[in-house]
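**Q** This is what each chain is made of:
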Amino acid sequence: MLQSLKIKSYLCALLLLATAAGKTVSAQEPSALKIIENVYNRDEGESRIGKIRMTLINNRDNKRIREIQQYVKDYGDMDKIIMFFITPADVRNTSFLSWSYDDESKVDNQWIYLPALKKVKRISSDSKKDYFMGSDFTYDDMGDRHPNADNHKLLRTETMNDEECYVIESIPKERGYMYSKKVTWVIKDKWIELKKTFYDEDGELLKNLTSLEYSLIKGYWFVTHLEMHNVQKNHRTDMQFIELELDAGVDDNLFTERMMSLGL
Amino acid sequence: MKKISQLATKYPWLILSAILIVTVYFTVQMMNNSRLETDLDEYMPQTHPAFMYSDSAEAIFNIKDGILIALENKNGIYNTNTLRKVKELTKALQDMKEIERGDVNSLYEAENIVGTDGALDVTPFYDEVPDTPEALEKLRNNVRSNEIVYGRIVSNDETVTILTAEIEDDVFSIDFYNKLLDTAKDFEDEENAIYIAGKPIVEGTLVFLAPKDMQQMVPIVVLVIIIVLFIALRSIKTTLLTLLGVVLSIIWAFGLMAAVGVPIYSVATILPVMLIAMGVAYAIHLFNHLKIFLTRNPEATRAEALRNMVRVMGRPVVISATTTAVGFMSLLTSEVYPIKYFGLFTAFGVVVALALSLLMLPAALMLMGIPKNMLSTGAKERNHPLAVGLTKWVLSHQKGVVIGSVIVILLSGWGIQKVWINSSFIDKFNKDSDIVLTDQLINEKFGGTTILNVVLNSSDLDAFKQPDILRLADKMQVEVDAELEEVGNTFSLTHFLKRMNQVLHSDSAEYYTIPDSQDLNAQYLLLYEMSGDPDNLWKQVDYDFSRANLTFQLKGDDTKTIKAVLDRIDSYKDDFEELGVTIRYAGSGYKAMVFTQLILDGQIQSLALSLLIIIVILAITYREISVGLIASVPILITTVVSFGVMGFLNVPLSTTTALLASIAMGVGIDYAVHFIERYRDYRKIHTDKTQAAIATMNHTGRAIMFNAIIVISGFLVMLFSVFPPNRELGALISLNMFTSFVGTVTIMLVLINRKKKFKD
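Chains as they are written, first to last, in the numbering used here: chain A, 1 to 264; chain B, 1 to 760.
Calculated directly from the structure, the hints in this document are not laboratory data.
Pairwise CB distance ranges (calculated):
#1 B/Arg35 with A/Val231: 25 to 33 Å
#2 B/Arg144 with A/Asp251: 42 to 50 Å
#3 B/Lys97 with A/Arg156: 24 to 32 Å
Predicted, not measured: the structure shown is a model, and the values here were computed from it.
Glycine residues also receive a C-beta, built at the ideal position from the N, C-alpha and C atoms.
If we strip away everything but chain A, and leave its shape as in the complex, we get:
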């Protein structure tokens, strides 16, 4: 009896907390566009080195694990990324190089190197909507989409996982984009996306993105562990950044076709 009373009062407290947290939007808050720009422009250092451990889980709970060594450098108006597969063994040293431009009108450059073929090939593709390394993330999902491509609206602020969040709704300006709507929970002052939901062209929930771990590394906020769940296919991608080093001073010569073929 006593126990159930306790649980009840605990529940009541929780409920009060939840209503208090769901504050309406006040005038002093930054604009929705500004919030999304802050996320887009969040400084993660000029370069980074690290491993990505990607676990792909299908609807039958089968898992595939991929490890990728990654080098990234920010050149102001463009980013350069080179990635080498570590595992599985049969694709080891398959590498991928990309030069992506902030200028929306410029087409990104991408190359692939297949060690068993010993050839570098340039890939041209409508890459923004492509899935990153067979995962549930598109390149857009990983932060490539420019804030100006969508109309943003600040719905409310609320507390989630003890973090003050702005809840922003983003509707694409162009017709026929792969998502009809996105809702993002942005952590105040950290400008990290704590959670994001994606709705498909029919307006149905398609994917949930959750940031599981994030930390301050060398003064930069960085999400080190995140999960994307495609609820329609029940397919999940768990992505972890390990042995991460920011402002690592990556050599410019790394981002070349020659380096791709040298491997790790």
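Assemble chain B onto chain A, guided by the hints.
**A** Coordinates of chain B only, in the frame set by chain A:
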């Protein structure tokens, strides 16, 4: 029997009101709870290993049946108008709520991977509709050089392009089909024609078409039966009473089905047919006897006459009905639920028909009076010349009758060997129907509308990155495709790998092969996963690369075609086994084939079982094994002749036609039991066997002849059905009634006449 015979004459109102109440109850049940089962998978035994395997493979590889929409432009599809239609129709299909966006494929949705010297280009074939001659020409060349699209999405003569929409098993409904037709037909104009085909459409319409056609045909059948019944009985009262008995037994059977929540499966459409044949027989026997009794006993009161009718005819009617019911119950041994239910509810219907004829008919006549034409006219009873002539002829040609019967059985036996099983759905439609014509167009221009999934299994992870295994899978597909005309196309992981290999070698055709190294295969697949739609990949291979799904497109869904392909593929079993790979099959075409086989095995088993049960019951009833055996002769001949004629006329054995054997059995028992029963009685009166035979022929022979004529003329109406399986049904039932009648009055008469005496 004596008590029952008094029941109807003493409490006619009570009996009729009780029947009315039950009928109202079952009618309400039928109105509110009847449900037609349209998902064919629901018909299949879920625990059977072949289905379990197929279902699990369908889940792993996301195998779904596809609706095919063909857009034909006789002047070629590479023009702005047609290509715009492809784009807009693709979007219209994606917008339908029954279809998942990602499940629509077309030239507009497909991606093209092209290799040039130093680059790899992954793009849609078109996004903006091409509107210049150069752009159209470029598109044409892109399609021609892509083996994954050319001949699969665009026909080789470039006049037809296909859009596919895969749907879940339970999505199909007539409303959805009509909506789909409306949506698609909107895109037609003078130049562009649209056709819709594919397994879901064929199966879906069939499930609705069979009962719908039955609904249209049965009233006409009933009307014809009313007319012929009236000509035979010359009384409106008895005609309507006979019919009422039949209709009520059908209502009760379907009402009970609805009350206990069993859906109507397509085989249940034979249930009314069965009950018409049996119900008419029971009533005719009773009325026939009533007339004869009144001729012999003109002074008898109404109650006396009716009591005598039930008392004398009750025994053979009960023997006949219970034996028939038990025979149908033997269908409970089938592994297939619709067949079990069919057996169960038909048995129930037969018992209802029995009860109604022994209770409702006398009760109604008690109240309404016996029809005038049955009352004695004072004329002396005499044997009909036809009965006399036929009996004398048969008995004086005993040898001939036996030899003739043996010849008929031998001939039928020869015909039976030609009987073939068919699980085809397409073959059930009229040859000039839209569905068949569309199917033909797609089979002619593309790989085929029937899909066979060949699943290769290995216990090794990454088996389907190994060159040896992939090469053998490729070899098998290429050879089977080349050798068998029925195979129009194949598709699997090997096509992706060959395409990638070619593209990464500057698109040179000599590299359209499986690479030598496992690593290269793995790297191609990774590249495909990164640049194409990975979902396409997971339809061909599982996550561990230990199982692969090879899709074979066939030009027919009949059992012969599928069997021929399976046999050819099985010949690679040993080669695959050496590499540790086993072959299994999956998909709806394969399941339909196994299912049909399963139904037929069950039916043939239960046929044999029910024959045995019938002989035992009759032997016990008459306390003589020889009588049991003699009584089974008409059934045997009817069944054998029925299958024999099917063999000669090339009518395949399907789930419907095989059930006809049970009707042959029901009718055969009825004729035999009544004939033997009467003959035994007359042998007690007449010392001369021939006189006893003539009397039996005049009494029972007339009743069964009327019954045969009435039911045959009713079911011949079904020859005008628009639905081919129902035409076959009508013809075969008529044949069965005829053979049962002839078998009873010839060979069975000869055999029974040879018996010296009967036990009491």
